[in-house]
Amino acid sequence: MQNKPEKPDFEFLVLMASLMSIVALAIDALLPAISEIGQSIKSFNATDNQMLITMIFLGLGVGQLFFGPLSDCYGRKPIVYAGFTLFAVASAACVLAPSLEIMVLGRILQGVGLSAPRTIAISIIRDTYKGDYMARVMSFVTAFFILVPIVAPAIGKWILDAFGWEAIFYIQLFFALVVGIWFWKRQPETLKPEYKIPFSNHVFVDGLKEFLKFRETIAFTFTSGLVTGAFLVYLSASQQIFESQYGLKDAFPYIFAGLAISIGLSTFLNGALVIRFGMRKLALMALMAFCAIALLYVFIFWNKPNPGVFVLVAFLSFQFFCLGFLWGNFRSIAMEPVGHIAGIAAAINGFVSTLLAIPIATYIGGFVVDSVWPLFAGLGICGLISLGIMLWVRKPRSIVARGLSR
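In our numbering, the protein residues as written are 50 to 455.
The list that follows gives simulated cross-link-like pairs (lysine-lysine, PhoX-like), each with its CA atoms no further than 25 Å apart:
1) 298 - 353
2) 258 - 245
3) 126 - 245
4) 245 - 262
5) 330 - 262
6) 258 - 241
What follows is a list of derived Cβ distance ranges for each label pair:
7) 220 - 147: 20 to 26 Å
8) 357 - 213: 30 to 36 Å
9) 412 - 338: 23 to 29 Å
If you're looking for bench data, these hints aren't it; they were derived computationally from the structure.
Glycine residues also receive a C-beta, built at the ideal position from the N, C-alpha and C atoms.
With the hints as extra help, turn the sequences into a complete structure.
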């Protein structure tokens, strides 16, 4: 497969970001409408309604197990088309859902459909780049991708006020259609015929066995899940925190956008620095800062009421600034040794990290009722475990290096 060291094409970056950003639009644009949707489908428990956010991640995780291996067999582009089709059907089910249970099922199916463009975008990037260059491309793609969470809640609020919550799903469908046509017209197939894996009943099992051969790939798949799970607590509870605990319903979309900007800035900065310092060093430094910020909040506000909104936003901004150096680098480190099975590897990586993230978010989110403190406690715990894993997987490399220098 090609591994280009040159500067990536701007259109390629934006297209890959667009494929991934449909997930963000499907999640973040719905945040301002959760209360209204709950009233419409007669679900009045705010904690239960968080499933409209968290359960789409279940679909994202499960769907990758199918679409990833199939993309290694049949190519990247046909699988993206299949995912968009399923997403359209699931969106219609959400609009017509009479109850929370049916809408949650629709959201899961939306996630299954969107797992195709999300996973295949990563596979296409890995088909084309590797190592620190892949980390750089992933950083720039994520920086573009972050633009959607910045504006999505505000767009969702505007659509909600003007046309009702159902229209949010129609806008998502329109965006998916535009990106799908763009992808069809402009993106060539990156999986060359000689690299296609013949379809068989054991194609996934063989891919899993190959995946498990690489210690660093396994380790950074787990760290991705832990950090994503901690962030998912915020994502699913953010509407409840700022609207219920702080009474800032009208300001919520703008606060959410401001916090997303901090992730975008650090992601873009990571893309500029990763070639110079390396993805492992940047990820380690960011993870240490991530843990320190969370633990600082935990100790300062132990058994105390929520701080003022500006203090909370400041802590979250620094916390999320660190995330911009973690997500892309963690994924790139995990994918570096497994480029020969990029589709299956991206699927397993995404599935395991998502499968780990959902119960973390569900459990910790149950404590975020009248205080933000459990959110930071969860961020701190997940960060410390991730740091332990990262240091553990680095140790043999250091020992080998010392041995060779003697």
